[in-house]
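Hey, can you work out the whole structure from these sequences and the hints?
Here my numbering runs 64 ahead of the position in the sequence shown, where the first position is 1.
If you're looking for bench data, these hints aren't it; they were derived computationally from the structure. There may be inaccurate statements among the hints.
Computed list of lysine-lysine pairs in PhoX-like fashion (alpha-carbon distance at most 25 Å, straight line) [unchecked claim]:
hint : residue 1 : residue 2
1    : 147       : 171
2    : 383       : 299
3    : 274       : 171
4    : 383       : 224
5    : 383       : 102
6    : 124       : 362
7    : 102       : 274
8    : 274       : 224
9    : 362       : 383
10   : 311       : 124
11   : 348       : 383
12   : 147       : 124
13   : 124       : 171
14   : 124       : 146
15   : 362       : 348
16   : 147       : 224
17   : 311       : 348
18   : 348       : 147
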Amino acid sequence: MLDAYGRVIDYLRISITDRCSLRCRYCMPDGVDLIPMKDLLSYEEILEIALTAAQCGFRKIKVTGGEPLVRPGAVYLVFMLKKIPGIGQVTMTTNGILLPQYAADLKEAGLDAVNISLDTLSPERFAFITGRQELNRVLEGIEAALSAGIRTKLNVVLQKDVNDDEWEALMLLARERPLDVRFIEMMPIGAGQNTEGVSNEVLLEQIIEKYPGAESDFAVHGNGPAVYLRIPGYKGSIGFISAIHGKFCRTCNRMRLTSTGLLKPCLCYETAVDLRSILRSGRKREERAERLAWAFAKACSEKPEAHCFEREEDITETKKMAQIGG
65 MLDAYGRVID
75 YLRISITDRC
85 SLRCRYCMPD
95 GVDLIPMKDL
105 LSYEEILEIA
115 LTAAQCGFRK
125 IKVTGGEPLV
135 RPGAVYLVFM
145 LKKIPGIGQV
155 TMTTNGILLP
165 QYAADLKEAG
175 LDAVNISLDT
185 LSPERFAFIT
195 GRQELNRVLE
205 GIEAALSAGI
215 RTKLNVVLQK
225 DVNDDEWEAL
235 MLLARERPLD
245 VRFIEMMPIG
255 AGQNTEGVSN
265 EVLLEQIIEK
275 YPGAESDFAV
285 HGNGPAVYLR
295 IPGYKGSIGF
305 ISAIHGKFCR
315 TCNRMRLTST
325 GLLKPCLCYE
335 TAVDLRSILR
345 SGRKREERAE
355 RLAWAFAKAC
365 SEKPEAHCFE
375 REEDITETKK
385 MAQIGG
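What follows is the structure, given as structure tokens:
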């Protein structure tokens, strides 16, 4: 699909649950309200949406949450998404805790890649950031994904005076392992509005100063807007997703589907098209397909030229990240 600014929109992030086994302070802190299960899309509804998305030109799907693997049947959903004609790639974002259990099955189901969230290598800091003592399980999950042959990336969010001194220790995970470590700037959505992040501009200067031999890596690493460095001697690369200090909206190719069926053209704004109401309207499958296609076209036409994260007063989205989809 082409939006009003000539961008090809072919990447759909699908949240399948707002539940999570962690309580990260900037995403899903303790006390957050959970969505009633009856309001979440069923897998059958998700697959119906994905089929229409493929017919509209979407080629890549990211399965997200909350934590997608806490929802029973997530592996089967990956398998079914991969069978949809036109869908060339299915990936997943996870906190990694359940990967020791599911990595081999996900590989067999056809999962193309996994992004694992990891902000610290300190057990004490991990417990502070996530509210849980699960660091060892995440580290086991990383090794399980690699052992299963799944292309693996680590997503790191640095917070000022919390874990901003760990960038090098986290980078070193890519030295001996064929994985990418990506630093993602804190986005001012939900609890992230109250958390001070670290500029990737500043971080990049620190990395170049410490590793002057680092070179730009122009290889294709995935579907997102990350830019990469290759450091001599490293098996993996170092990436940067700079939503605030490296605005990449001109190349944005994505939409987000929340677990309740809202199709969002942009993370920054509350604008969304309700797909759940179409699915539960009682209409026949053929008519639902027509209306879903219309809804995708409408959302595409409403995709803004750019986000406004640098002007927090203009952000209209009020949901937590776990309610939107990571």
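Hints and how they fare:
1. A hinted pair counts as satisfied when its Cα atoms are at most 25 Å apart, and residue 147 with residue 171 qualifies at roughly 14 Å.
2. Between residue 383 and residue 299 the CA atoms are separated by roughly 38 Å; this puts the pair beyond 25 Å, and the hint is violated.
3. This hinted pair does not check out: residue 274 and residue 171 have alpha carbons roughly 36 Å apart, beyond 25 Å.
4. A C-alpha spacing of about 23 Å is found between residue 383 and residue 224, which places the hinted pair at or below 25 Å, so the restraint holds.
5. Between residue 383 and residue 102, the direct Cα distance comes to roughly 19 Å. Compliance with the 25 Å bound is thereby established for this hinted pair.
6. Our distance criterion of 25 Å between C-alpha atoms is met by residue 124 and residue 362, whose separation comes to about 20 Å.
7. Note on residue 102 and residue 274: the hinted pairing is violated, with a Cα-Cα distance of about 52 Å set against a maximum of 25 Å.
8. Taken as a hint, the residue 274 and residue 224 pair is honoured in the structure, with Cα atoms around 20 Å apart against an allowance of 25 Å.
9. Distance restraint check for residue 362 and residue 383: the Cα-Cα separation of roughly 22 Å lies within the 25 Å cut-off, and the hinted pair is therefore satisfied.
10. Restraint check for residue 311 and residue 124: the C-alpha separation of about 22 Å stays at or below 25 Å, so the hint holds.
11. Only pairs whose Cα atoms come within 25 Å are accepted, and residue 348 paired with residue 383 is rejected, the gap being roughly 32 Å.
12. Distance restraint check for residue 147 and residue 124: the Cα-Cα separation of roughly 13 Å lies within the 25 Å cut-off, and the hinted pair is therefore satisfied.
13. The straight-line distance between the Cα atoms of residue 124 and residue 171 is roughly 17 Å, inside the 25 Å bound, and the hint therefore holds.
14. Proposed proximity of residue 124 and residue 146 is supported: the alpha carbons are some 10 Å apart, at most 25 Å.
15. As the CA atoms of residue 362 and residue 348 are separated by approximately 21 Å, the hinted pair is consistent with the 25 Å bound.
16. Taking the CA atoms of residue 147 and residue 224, the gap is about 43 Å. The hint is violated against a cut of 25 Å.
17. Taking the CA atoms of residue 311 and residue 348, the gap is near 42 Å; set against the 25 Å cutoff, the hint is violated.
18. Between the alpha carbons of residue 348 and residue 147 the distance comes to roughly 23 Å, so the proposed pair stays at or under 25 Å and holds.
The structure shown violates the earlier hints numbered 2, 3, 7, 11, 16, 17.
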